[in-house]
Amino acid sequence: MKLLELQRTMARAVMQPLTSSEQMRNTSPGGTPMRAYAARFIKPNDRLTSFERLEIYNRQYWFRLLSSLSEDFPGLRSVLGERRFDAMCKAYLVDCPSRSFTLRNLGSQLEFWLESHPGFAGANQALALDIIRLEWADIEAFDGKIELALRAEDLANQPGDTLRLRLQPYVRLLSLRYPVDDLLLDVRTDQDTEVASNAFREGRKRKKVRAVARLKPSRIFLVVHRIDNSVYFRRIEAEEFAVLSQIRKGKPLGKAIELAMRKSKIPPDQQAASVQEWFQNWSAMGWFCRLEDPVAAS
Amino acid sequence: MPGNEFNGFTDYGIGIGLRATHYDHILTRQPVVDWFEIISENFMIDGGRPLQILDSILDQYKVVQHGVSMYFGSAERPNREHLRRLKDLVKRTKTPWLSDHLCWGSVDGRYTHDLLPMPYTFEAAKLTAEKVRQVRDFLEIPIAVENVSSYAEFHVSEMTEWEFLNEVVERADCGILLDVNNIYVSSQNHSFDPFTYVNSIPAKRVAQIHIAGHSKYRKYILDTHDHPVIDPVWKLYERAVQRAGHTATLLEWDDSIPSFKEVHDEALKANKFLADTLLAKAV
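As they're listed, the protein sequences go chains B and R. When we follow my numbering, the leftmost residue of the first sequence carries the number 1, and every step to the right adds one. When we follow my numbering, the leftmost residue of the second sequence carries the number 1001, and every step to the right adds one.
Certain hints may be false.
[To be verified] 30 Å max Cα-Cα, derived DSS-like pairs, lysine-lysine:
#: 1; chain 1: B; residue 1: Lys145; chain 2: R; residue 2: Lys1087
#: 2; chain 1: B; residue 1: Lys145; chain 2: R; residue 2: Lys1094
#: 3; chain 1: B; residue 1: Lys43; chain 2: R; residue 2: Lys1126
#: 4; chain 1: B; residue 1: Lys145; chain 2: R; residue 2: Lys1062
#: 5; chain 1: R; residue 1: Lys1126; chain 2: B; residue 2: Lys2
#: 6; chain 1: R; residue 1: Lys1216; chain 2: R; residue 2: Lys1235
#: 7; chain 1: R; residue 1: Lys1216; chain 2: B; residue 2: Lys43
#: 8; chain 1: R; residue 1: Lys1219; chain 2: B; residue 2: Lys90
#: 9; chain 1: R; residue 1: Lys1235; chain 2: R; residue 2: Lys1062
#: 10; chain 1: R; residue 1: Lys1126; chain 2: B; residue 2: Lys90
#: 11; chain 1: R; residue 1: Lys1094; chain 2: R; residue 2: Lys1269
#: 12; chain 1: R; residue 1: Lys1235; chain 2: R; residue 2: Lys1269
#: 13; chain 1: B; residue 1: Lys43; chain 2: R; residue 2: Lys1219
#: 14; chain 1: R; residue 1: Lys1126; chain 2: B; residue 2: Lys145
Keep in mind the hints are simulated off the structure, nothing from the lab.
Assemble the whole structure, with the sequences as input and the hints as a guide.
Take a look at the structure:
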């Protein structure tokens, strides 16, 4: 058996889901008996059959990846409950196996996957999607890129209406149907997200999860950002969210404000003051990047 | 071997793995430690607290990078994004050498995030050595490959594990990160003499040594890095430094991590054996 064929053969078995009792299945991915499948390429020894040796890797694969998702999405786990969360993660990993060298990206497709698999969240689908969005934004904000922050002097002689500001890459904007920020802060526990260098765990690290009472829908607009490298959730007004979203899309400042204020409930005579106050807050938190040098940019 | 071409001609002494549970202790107490080993993948990110902490550590300590997902033995090309991020980190840490495992873990772009054992074939040795060379040429620093613990052996193997290791490092002209705990674990799982392994590796290529604890089950041993180093592993370590000389040594403790002092004290037990190598050199 050539190297590539052997690796494909072993990977198919290793990545095949376990039984409900967390053992290797008796049937191989191709439907043949797993004992014969394992014996084709793995030697038995005086203590373990080929099946049992392969099973060690099969179990470790699932323990490692399920533990990783569990650590990254404690809020979702609370929303769904442990059994539903486990079932959802297993199905997700079958459909979306890791395609990144780092476990950090394991949940990157979870929101899109769950949107097309609503059965796993049942009546809590919308809540589940919101908490996924928040927990993924938290991961992105935690280790996202930071650029030099915009200074007041950078704006001197800049044309206000056509000025194009840029948001820091780590800043995440969320429009959510449920107030999941409070929920997540409530259920979050310290997590150890490090990758062990060469260590195996015999069992999965399970964290106690309590079922979360169903939240009532209540639209919130959230910025997930960092201050001194700690991640914070900041609720903002609908108009603030609209302005920031237009800026992120690359709209000139004047256009961004105009578009954001079209459906605003803020009285016209108060809009200018509101916008000024927002920009003061956003700038103080360092959400804007320094303007690109037009020469360098060209 | 101290100060050889495979560890950037350094003589680093005894280090421990940098783990999040010890960050506060290290940054506030500033304990004397020869060096820290970091898991590269934990810092191959764009920004945020992990890099801030790493920079603080780099201000005060020597750091060596150790990877877990290069998969030199995977039958696919190195991931370009992985290499680019790794090179950025190498520039940041100025690691004198870089290590990763002699294993595979991905196929057709799908990652298992595990250190899967190699079939010990000439085909695999040739491909693995070629990938080690590609990575070294891209990163422009010495590479050391680490022997892994394993729980399975393949029918197609044409040689022993240590013969395979030798075949790869000679073809790649790279260093070895000799993990004596992994040798012990595999020797128990596959019924071979671990001293034969240690006596067979080319000592001049040993850039670094790993020591660690493991967990024993009824029919096999798992490499769990959650216990102190046991005496049989220390005996292998003693033999390894007899052969390789005063070599950079690193204790891995990744699960059920005790206090910083307990981990460091465990690592410093290696001094007893390293001192003997200096004594032997003196006489």
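Here's how the hints hold up against the structure:
Proposed proximity of B/Lys145 and R/Lys1087 is supported: the alpha carbons are some 17 Å apart, at most 30 Å. With a C-alpha separation of about 21 Å, the suggested pairing of B/Lys145 with R/Lys1094 holds against the 30 Å cut-off. At most 30 Å may separate the alpha-carbon atoms for a hinted pair to count; B/Lys43 and R/Lys1126 meet this at roughly 23 Å. At roughly 25 Å between alpha-carbon atoms, B/Lys145 and R/Lys1062 fall within 30 Å of each other, so this suggested pair holds.
In summary, the hint linking R/Lys1126 to B/Lys2 is supported, as the alpha carbons are separated by about 13 Å, within the 30 Å threshold. The suggested pairing of R/Lys1216 with R/Lys1235 holds, with an alpha-carbon distance near 18 Å, which does not exceed 30 Å. Straight-line distance between C-alpha atoms of R/Lys1216 and B/Lys43 comes to about 21 Å, which keeps the hinted pair within the 30 Å bound. With a CA separation close to 28 Å, the supplied pair R/Lys1219 and B/Lys90 stays within the 30 Å bound.
Between R/Lys1235 and R/Lys1062 the CA atoms are separated by roughly 28 Å; this keeps the pair inside 30 Å, and the hint holds. Taking the CA atoms of R/Lys1126 and B/Lys90, the gap is near 36 Å; set against the 30 Å cutoff, the hint is violated. At roughly 28 Å between alpha-carbon atoms, R/Lys1094 and R/Lys1269 fall within 30 Å of each other, so this suggested pair holds. At roughly 12 Å between alpha-carbon atoms, R/Lys1235 and R/Lys1269 fall within 30 Å of each other, so this suggested pair holds.
Taking the CA atoms of B/Lys43 and R/Lys1219, the gap is about 15 Å. The hint holds against a cut of 30 Å. Using a Cα cut-off of 30 Å, the hinted pair R/Lys1126 and B/Lys145 is violated, with the two alpha carbons roughly 38 Å apart.
Consistency note: the structure conflicts with the earlier hints numbered 10 and 14.
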